[in-house]
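Please take these sequences and the hints and turn them into a complete structure.
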Amino acid sequence: MTVNELTEKYGLSPVIVPEGEREIRGGYCGDLLSWVMGRAQQDNVWITIMSNMNIVAVASLSDVSAVVLAEGVSLEQSVIDTAAAKGVNILASEKGAFELAALIAPDV
Amino acid sequence: MTDSLTFHFDVDGENFVSAGQASVQVKKNLRELGFPPEIIRRVSIAMYEGEINMVIHAGGGTADVDVFEDRIVIVLSDHGPGIPDIDLAMQEGYSTATDNVRSLGFGAGMGLPNMKRYTDEMRIDSTVGKGTVITMCILCS
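Line order of the protein sequences matches chains A and B.
Counted from 1, the first sequence has number 94 at position 94 by my numbering; the numbering is strictly sequential.
Counted from 1, the second sequence has number 14 at position 14 by my numbering; the numbering is strictly sequential.
Quick caveat, the hints were computed from the structure, so don't treat them as lab data.
Glycine included, C-beta positions come from ideal geometry on N, C-alpha and C.
Certain hints may be false.
As the list claims (entries may be wrong) - DSBU-like, lysine-lysine: derived pairs with alpha carbons at most 30 angstroms apart:
{"id": "1", "chain 1": "B", "residue 1": "LYS116", "chain 2": "B", "residue 2": "LYS28"}
{"id": "2", "chain 1": "A", "residue 1": "LYS86", "chain 2": "B", "residue 2": "LYS130"}
{"id": "3", "chain 1": "B", "residue 1": "LYS116", "chain 2": "A", "residue 2": "LYS86"}
{"id": "4", "chain 1": "A", "residue 1": "LYS86", "chain 2": "A", "residue 2": "LYS9"}
{"id": "5", "chain 1": "B", "residue 1": "LYS130", "chain 2": "B", "residue 2": "LYS116"}
{"id": "6", "chain 1": "A", "residue 1": "LYS9", "chain 2": "A", "residue 2": "LYS95"}
Stated by the list, open to error - Chain B side only, calculated, beta carbon under 8 angstroms to chain A, not exhaustive:
{"id": "7", "residue": "ARG31"}
{"id": "8", "residue": "PHE35"}
{"id": "9", "residue": "GLU38"}
{"id": "10", "residue": "ILE39"}
{"id": "11", "residue": "ILE45"}
{"id": "12", "residue": "GLU49"}
{"id": "13", "residue": "PHE106"}
{"id": "14", "residue": "GLY131"}
Right under this line is the structure:
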């Protein structure tokens, strides 16, 4: 499933989607950034409530397909701009991480 | 002796938000050189963890990356407080980071273990009161 397909199927809000046709394979939930870098796999969707600038670097270096911000978390414009420049897809939802993971898991 | 490409970076110890610039640049360079994605991922995560550590604990430092055909060598050097007990520091979950650093999502005690996880060789030379040099090697063959 692609990032665009995921966005549409579950009514996620596209915060910034520079590479919407990127394929998603598997996922990881977590807010501690070193755990994410240690455990998330390439092409995963990463569900988190973290919103600071470092999530862009972690998403880019871990090479995940997309970040999904849970619990209605919002980003500062500077974070969005950096994500756009680095080609990092970011989506958002009002749902919690547990609910999002349960929803998305069967599709990826 | 094979020729290598060398990249040098100064890591700013004051700026947590911009931490990772060196890693992102190395990722870009390796991609342009045509290295496989999984090698690039391992190099850039190991280097980012090292950069973050230098910002958190040492007030910055330097990062040197030597790119050979069959391996990539990263040397991170700082003049921070040093690591008194390296075995303890290598344990997953052990951290001396402040609450402020933890609130940003770091300081989980996984930095050094991740650096070891993603590299084929890692050596830590540290002297308390003088600083730390970490040498990491990733084989590409």
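To see whether the hints hold, each was checked on the structure:
1. B:LYS116 x B:LYS28: At roughly 22 angstroms apart (the allowed maximum being 30 angstroms), B:LYS28 and B:LYS116 satisfy the hint.
2. A:LYS86 x B:LYS130: With a Cα-Cα distance of about 36 angstroms, the restraint between A:LYS86 and B:LYS130 is violated, given a limit of 30 angstroms.
3. B:LYS116 x A:LYS86: Roughly 26 angstroms separates the two Cα atoms, so the pair holds.
4. A:LYS86 x A:LYS9: 25 angstroms, holds
5. B:LYS130 x B:LYS116: Answer holds: B:LYS130 to B:LYS116 is near 23 angstroms, not above 30 angstroms.
6. A:LYS9 x A:LYS95: 14 angstroms, holds
7. ARG31: Check failed: Cβ of B:ARG31 comes no nearer than 11 angstroms to chain A, outside 8 angstroms.
8. PHE35: Given a least distance of 13 angstroms, the restraint on B:PHE35 is violated.
9. GLU38: 7 angstroms, holds
10. ILE39: Since chain A brings no Cβ nearer than about 11 angstroms to B:ILE39, farther than 8 angstroms, the hint is violated.
11. ILE45: 5 angstroms, holds
12. GLU49: 7 angstroms, holds
13. PHE106: 6 angstroms, holds
14. GLY131: The hint is violated - B:GLY131 has no Cβ within 8 angstroms of chain A, the shortest such distance being about 22 angstroms.
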